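Novice: In order, the protein sequences belong to chains A and B.
Quick note: the first sequence, position 11, residue 11 per the numbering used here, numbers continuous.
If you want the numbering used here, it's the 1-based position in the second sequence plus 1000.
No lab work stands behind these hints, which were simulated from the structure alone.
Among the clues, some could well be false.
[Unchecked claim] Derived CB-CB ranges, DEER-like:
no.	chain 1	residue 1	chain 2	residue 2	range
1	A	26	B	1096	37 to 45 Å
2	B	1043	A	148	15 to 23 Å
3	A	27	B	1104	40 to 48 Å
4	B	1020	A	66	25 to 33 Å
5	A	102	B	1045	19 to 27 Å
6	B	1144	A	140	34 to 42 Å
7	B	1120	A	26	39 to 47 Å
Just so you know, these numbers come straight off a predicted model, no measurement behind them.
Even for Gly, the Cβ is constructed at its ideal location relative to N, Cα and C.
Chain by chain, the residues:
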Amino acid sequence: MKYEEGLNYCILSNQINLEFLKEFNEYVIIDDNKTYTEVLEIIENFLEKRIVFNESWYTYSKGQRKKILDLLALRKINYINITSNIEDTLLCDYIYVFDKDKIVMEGKKESVLKEEKILKRLGYSLPFVVDLSLQLNYYNILDKIYFNIESLVHDLWN
Amino acid sequence: MELKKLEGSIIGVIPSDLIKQENFNSTLVKDIIKVKIDDSLKMVKLDLDIKDKAFNTLSSMEKNKVILASKLQDDVIILNNFSKGLITKEREYFKKLFKKIASYHKKIILVTKDIELFLNCVDTIYLINNDNIVYKTNDYFDPALYIEGDIPPIIDFIYKCEDLKVRLDEYTDINELIKAIYRIKS
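One chain only, chain A, in its complex shape:
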């Protein structure tokens, strides 16, 4: 896998184990054994250009996650988020989708999250906001796919 400078990546996987994580040995990995405050401290003092989160985002509230991402952006640090949670993919630029140890799909978020059939075959749903906008497109209430709730709500009611 290649990681371009300036892009944030999501690794969507249904089999995250020690073997899988070997691929990321060269990076500092943040697991779910760090508190939110500890994570902020690590990022404040981080000297590399890319950091890896390993299945840890579910331990933060939405506000905490935003603060972490804002701090990463401020410090110009890019991330790789390894996760099984499809909702996490909304925040990255590029997605690698794994089935066990094989890449089955990759691409920009906007293209990968339109592949409903492949994602469902792997056991994922679409992220809520993508699913909702697709269905509202079907009913001619909206006319595009949304990747964040704020924009969808704004366009839906204004």
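Position chain B relative to chain A; hints supplied.
Specialist: Positioned in the frame of chain A, the structure of chain B alone reads:
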């Protein structure tokens, strides 16, 4: 405070601190699940060949399933960070399984900040700080939950509609929500 004594049938607990996952290190799965191993593995959707694998070689999803399988005979089942590693399809399966287990008068306690796991599943939610109950509710839409817990997108959406003075009922099912939006828009 003992979690086991919390009131409810399927209970959600949002802790303020980190929760430590149970760790069986290199213990083999067949030595962790001591009773009815084949049936237990099938119930949690694991292949039987996992029996001879060491716990620390498993994925986080498999670890969680093994822990659940090892507790299926208990009257009170406490699961920490159970959603870690679960994909969407499995989340739905386990919500149904929890309801089935609870119907046998067993208590299930899900300790996590991932409140999506509670939706359409738990009957009571507790906020816990330093082993003390600081809040109790049975309302998924209670904003107090989302100071520490992660907000499910459907609830986030309904809150944001309310900010624009669009009042939707408290839906936790996307299909019901879409019907409601359709009614308003037409």
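Novice: Are the hints correct? Go through all of them and say.
Specialist: Against the structure, the hints come out as follows:
| no. | hint | result |
| --- | --- | --- |
| 1 | 26(A) x 1096(B): 37 to 45 Å | holds (41 Å) |
| 2 | 1043(B) x 148(A): 15 to 23 Å | violated (38 Å) |
| 3 | 27(A) x 1104(B): 40 to 48 Å | holds (45 Å) |
| 4 | 1020(B) x 66(A): 25 to 33 Å | holds (26 Å) |
| 5 | 102(A) x 1045(B): 19 to 27 Å | holds (20 Å) |
| 6 | 1144(B) x 140(A): 34 to 42 Å | holds (38 Å) |
| 7 | 1120(B) x 26(A): 39 to 47 Å | holds (42 Å) |
The structure is inconsistent with hint 2 alone, although it conforms to all the rest.
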